Amino acid sequence: MPEILNMLIASLIPLLFILTYAIVILWVEIKVASHVQDRLGYMYTGGFHGWAQPIADLVKLLTKEHITPVSADKILFTLAPIIVFASSYAAYAALPFTSTFIASNLNVGIFYIIAITSFVVIGILMAGWASNNKYSLFGAMRSVAQIVSYEIPTALSILTVIIVTGTLNLQEICEMQKGGIFNWIIFKYPPFMFITFLIYFTASLAEVNRTPFDIPEAESELVAGYHTEYTGMKFAMFYLAEYANMFLVSGISAILFFGGWNSPFGEFLSGPVWGVFWFVSKGLFFVFLQIMLRWTLPRLRVDQLMYVSWKVLTPISFVNIMIVGLWAILK
Amino acid sequence: MKQYFKNIFIALWTILVGLKLTFKHLFVRAVTIQYPDVKLKLPERARNRLYVNIDDCIGCKQCEMACPVDCITIETVKALPNEDLGVTSTGNKKRLWVTKFDIDISKCCYCGLCVYPCPTECIYMTDVYEFSEYKRHNLIYHFSNFTPEEAEMKKKQVEQFELEQKMKKVVKPSEPTTVSNPGESEMKS
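As given, the protein sequences belong to chains D and E, one line each in that order.
Sequential numbering from 19 applies to the first sequence in the numbering used here.
Sequential numbering from -1 applies to the second sequence in the numbering used here.
In isolation and in its complexed conformation, chain D is listed as follows (with noise of 0.2 Å):
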């Protein structure tokens, strides 16, 4: 009986943390929106700067009634938000919060969060094909050939990780960057891990569909792209899921790269709780820089996307593997 308790717990945990994480996301991109262009954004609801606005949002889309389209797949069309937003939940159980908490400790950590983030594919292919609309069909469909081919370049840059490593643990792995901002991964075999932080990040970008690869949900071609058919709590599910990811991607850029839940300054400010603290104003960091560089560039054409992965990001990527693999044994 504990047992389930403490399974319980320690599966609410990170779906308390994505809820509050996204509340508070919500508010950051729309002010980070507004104050990029000079504007001042929602201003009212709750006082200052509007910071009751998100719960007031979500509070609608709670209330807002459910719409299935007539020619829809009723049964296909439940269960994608369903499983988007399961599988980019799942993925936390690998994420090490501090060193004292982590979901699951898994011993093939990073290689768990790979496979099942996968999951969302088949989560956004299953809304586009099952709201039967063509331009929901054509975001899911870019969505698949984006995310489809960005996986080797994320998967290529996670890997030449994995060799200065050597493990697939990631409470490993922030433990093995432990003492002070030079020991973390960025500034190992300089520059190649820096190529493959920049690798990472790009890609990652891609896969979480946002600005500039975010033409699956373009919204001045497909509306909305794989979720224009979608509204209340259904729509806030893959609204949700998008914020999640987008923590999801940021985490592991700051585990992998950055020392995970260790403190910059060696021992000073460490600790269980300020690991916490480390680790999500990390990943807060990278999700900020991911606001704003969706205010800062343009949408890539479908050609300039294919053409980013296939013939830039995956062949540096593979060169940066050898290269660090040869350093690695040669040292």
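Heads up, a few of these hints could be off.
Unchecked claim - Among the chain E residues that face chain D by a calculated CB cut under 8 Å, a handful are:
#1 Ile13
#2 Leu17
#3 His23
#4 Ala28
#5 Thr30
#6 Val36
#7 Cys58
#8 Leu83
#9 Val85
#10 Thr86
#11 Thr88
What the hints assert, rightly or not - Keeping only pairs whose Cα atoms sit at most 25 Å apart, straight-line, the calculated BS3-like set for lysine-lysine is:
#12 Lys166(E) to Lys76(E)
#13 Lys49(D) to Lys18(E)
#14 Lys92(E) to Lys59(E)
#15 Lys49(D) to Lys92(D)
#16 Lys4(E) to Lys329(D)
#17 Lys152(E) to Lys164(E)
#18 Lys206(D) to Lys349(D)
#19 Lys105(E) to Lys49(D)
#20 Lys49(D) to Lys152(E)
#21 Lys59(E) to Lys105(E)
#22 Lys153(E) to Lys329(D)
#23 Lys166(E) to Lys153(E)
#24 Lys98(E) to Lys154(E)
#25 Lys153(E) to Lys91(E)
#26 Lys349(D) to Lys196(D)
Derived from the structure by calculation, the hints contain no laboratory data.
Quick caveat: nothing in here was measured; it's all calculated off a predicted structure.
Quick reminder that beta carbons are idealized off the backbone N, C-alpha and C, glycines included.
Given the coordinates of chain D, assemble chain E onto it according to the supplied hints.
What follows is chain E alone, placed relative to chain D:
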């Protein structure tokens, strides 16, 4: 091959340049004006809602004629000889009761053409611009002091008076009948 690496370098470099620009704008003061809380000062000659100072109106109907969209409706009734309407603030003598002075502000095009011909400067543009209504008939502004009933009464009084004058004329046919409107002759005297 050289071009390939150059392209990659340019791509990364321009992303950094763009990020620098957006980051700078993150701290630029917002240009938004929080409208209902903060209002911009209107220019001095701004033309917004029309207002009529009915105490100064002499019922000359010049504004009604000047209006290009016919949004002003004026009805006047002559004052009886025993009634004194006083003078306007500009010193003009008032000779007519203005029984109806309606401006349909929903038709108004804010051209301000009615303002210039007014001899007593009683119709003018104010700086009020927040006057939306839920019902369209609320946008017809009644500036006259008369209710419709009072206006009707006034009209009847004048008709009665004119009838009496006519009766007098019929009784005394020897008098010259060149003046067709006895009321007017009464006022001129």
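Quick rundown of the hints versus the structure:
Checking Ile13(E) against chain D by beta carbon gives a least distance of about 7 Å; that is within 8 Å, so the hint holds. A hinted interface residue such as Leu17(E) counts as satisfied when its beta carbon comes closer than 8 Å to some beta carbon of chain D; here the least separation is about 5 Å, so the hint holds. Interface restraint check: His23(E) against chain D, minimum CB-CB distance 5 Å, threshold 8 Å, status holds. Taking 8 Å as the C-beta cut-off, the interface hint given for Ala28(E) holds, the closest approach to chain D being about 5 Å.
Interface hint at Thr30(E): satisfied, since its Cβ lies 4 Å from the closest Cβ of chain D, which is below the 8 Å cut-off. For Val36(E), the interface hint is violated, since its Cβ never comes within 8 Å of a Cβ in chain D; the closest pair sits about 11 Å apart. Because the smallest distance between the Cβ of Cys58(E) and any Cβ of chain D comes to about 49 Å, over 8 Å, the interface hint for this residue is violated. Because the closest C-beta pair between Leu83(E) and chain D is about 52 Å apart, greater than 8 Å, the hint is violated.
Checking Val85(E) against chain D by beta carbon gives a least distance of about 52 Å; that is not within 8 Å, so the hint is violated. Violation of the interface hint for Thr86(E) is found here, the shortest Cβ-Cβ separation to chain D being roughly 48 Å, above the 8 Å cut-off. The closest approach between the C-beta of Thr88(E) and any C-beta of chain D is roughly 48 Å, which is over the 8 Å cut-off, so the hint fails. Taking the CA atoms of Lys166(E) and Lys76(E), the gap is about 19 Å. The hint holds against a cut of 25 Å.
Between Lys49(D) and Lys18(E) the alpha-carbon distance is near 18 Å, which keeps this suggested pair within the 25 Å criterion. Proximity of Lys92(E) to Lys59(E) is assessed by CA-CA distance (about 13 Å); at most 25 Å being required, the pair is judged to hold. For a cut-off of 25 Å, the pair hint linking Lys49(D) to Lys92(D) is broken: about 37 Å separates their Cα positions. As the CA atoms of Lys4(E) and Lys329(D) are separated by approximately 14 Å, the hinted pair is consistent with the 25 Å bound.
Note on Lys152(E) and Lys164(E): the hinted pairing holds, with a Cα-Cα distance of about 19 Å set against a maximum of 25 Å. Proximity of Lys206(D) to Lys349(D) is assessed by CA-CA distance (about 12 Å); at most 25 Å being required, the pair is judged to hold. For a cut-off of 25 Å, the pair hint linking Lys105(E) to Lys49(D) is broken: about 41 Å separates their Cα positions. Taking the CA atoms of Lys49(D) and Lys152(E), the gap is near 64 Å; set against the 25 Å cutoff, the hint is violated.
Under the criterion of a C-alpha separation no larger than 25 Å, the hint pairing Lys59(E) with Lys105(E) is consistent with the structure, at around 18 Å. The straight-line distance between the Cα atoms of Lys153(E) and Lys329(D) is roughly 92 Å, outside the 25 Å bound, and the hint therefore fails. Restraint check: the Cα-Cα separation between Lys166(E) and Lys153(E) comes to about 20 Å, which is no more than 25 Å; the hinted pair holds. Taken as a hint, the Lys98(E) and Lys154(E) pair is honoured in the structure, with Cα atoms around 15 Å apart against an allowance of 25 Å.
About 21 Å separates the Cα atoms of Lys153(E) and Lys91(E), which keeps this hinted pair within 25 Å; it holds. With a C-alpha separation of about 21 Å, the suggested pair Lys349(D) and Lys196(D) falls inside the 25 Å cut-off, and the hint holds.
The structure fails to meet hints 6, 7, 8, 9, 10, 11, 15, 19, 20 and 22 from the earlier list, while all remaining hints are met.
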